[in-house]
Amino acid sequence: MRKIAKQQDQDGAEIDLTPMLDVVFIMLIFFIVVASFIKEAGVEVNRPDNNQPDNPEDSTSILVEVASDNQIWMENRRVDIRAVRANIQRLLAEDPEAPVTIKVEKGAEAGIVVDVADAARESGVGAVNWASDR
Amino acid sequence: MSMRDQSRSAAAEEGSQIDLTPMLDVVFIMLIFFIVTSSFVKEPGVELFKPQASTQESCERGTIIFAVDANGDIFYNKNKLPLDRALRTAEAAKKEAPQANIVVQVDRETPAYVVEDLIDVVRPILTAPPCISTDEEA
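Quick mapping for you: the protein sequence lines, in order, are chains A and B.
For the first sequence, our numbering begins at 1 and goes up steadily by one.
For the second sequence, our numbering begins at 1 and goes up steadily by one.
I should point out that these hints are in silico values taken from the structure, not numbers from a laboratory.
Take these hints with a grain of salt, some might be off.
[Said to hold, decoys possible] Derived lysine-lysine pairs resembling PhoX-like cross-links, with alpha carbons at most 20 Å apart:
(1) K94(B) with K103(A)
(2) K39(A) with K42(B)
(3) K106(A) with K42(B)
(4) K78(B) with K94(B)
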């Protein structure tokens, strides 16, 4: 029996896997840690191409304008940010399919645009478009 | 041949050797999974006072992250970059991860036209509407 065991050693049939397993585990842990599960949250805003003929910013969409002094205008009236949602809901009742188009003048702040987009999404609009003034 | 069989059965009787092969298989598969899925997100690395939104949802596969700070400077991967380099940067990132979508981090006081310009510049590689990163409403 002893003799047989010795012969097996000489065969080299048994490889010690422990060091390789150590390395593999360390690599595994490294990749689990590095795999950054960054989850950015935000609002998706379409930006239609002005050069395309099939532009969704047509007359049927609900237009919200953000002026360069960060004031919000709807239907030629100044609207407070808190009233945007109610206004969009009112217009949406007339045409439930209408998208919202936000026109932003140069000089406006991105925070206001996001606030308007948020209000529009709150009122249940299907699509929010960010149109360019230019 | 008969000698080897004999020795093997003797080793099994001893029970000192545990067969590590199935475990190694599992570990290797996990390893490959994590190597493949880790997308190495490059963070812009600027502190921003993000706008709040109550309707925010997670940006699906939003791993190409640009930031525009309150001065209108564009950042990617902790570096400030001019607008005309943004497309090349985004193209390179898109090549690495074809499924990735673009996220724009903005400050509340970021000039909106810079965000517009940035989105217009990277439009050729957009496969989904760009996601504007927000904070949860308090």
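Here is what the structure says about each hint:
1. K94(B) with K103(A): Roughly 29 Å between the alpha carbons, so the hint for K94(B) and K103(A) is violated.
2. K39(A) with K42(B): Holds, because 13 Å separates the two Cα atoms, which is no more than 20 Å.
3. K106(A) with K42(B): violated, 30 Å
4. K78(B) with K94(B): Holds. K78(B) to K94(B) sits at ~18 Å (cutoff 20 Å).
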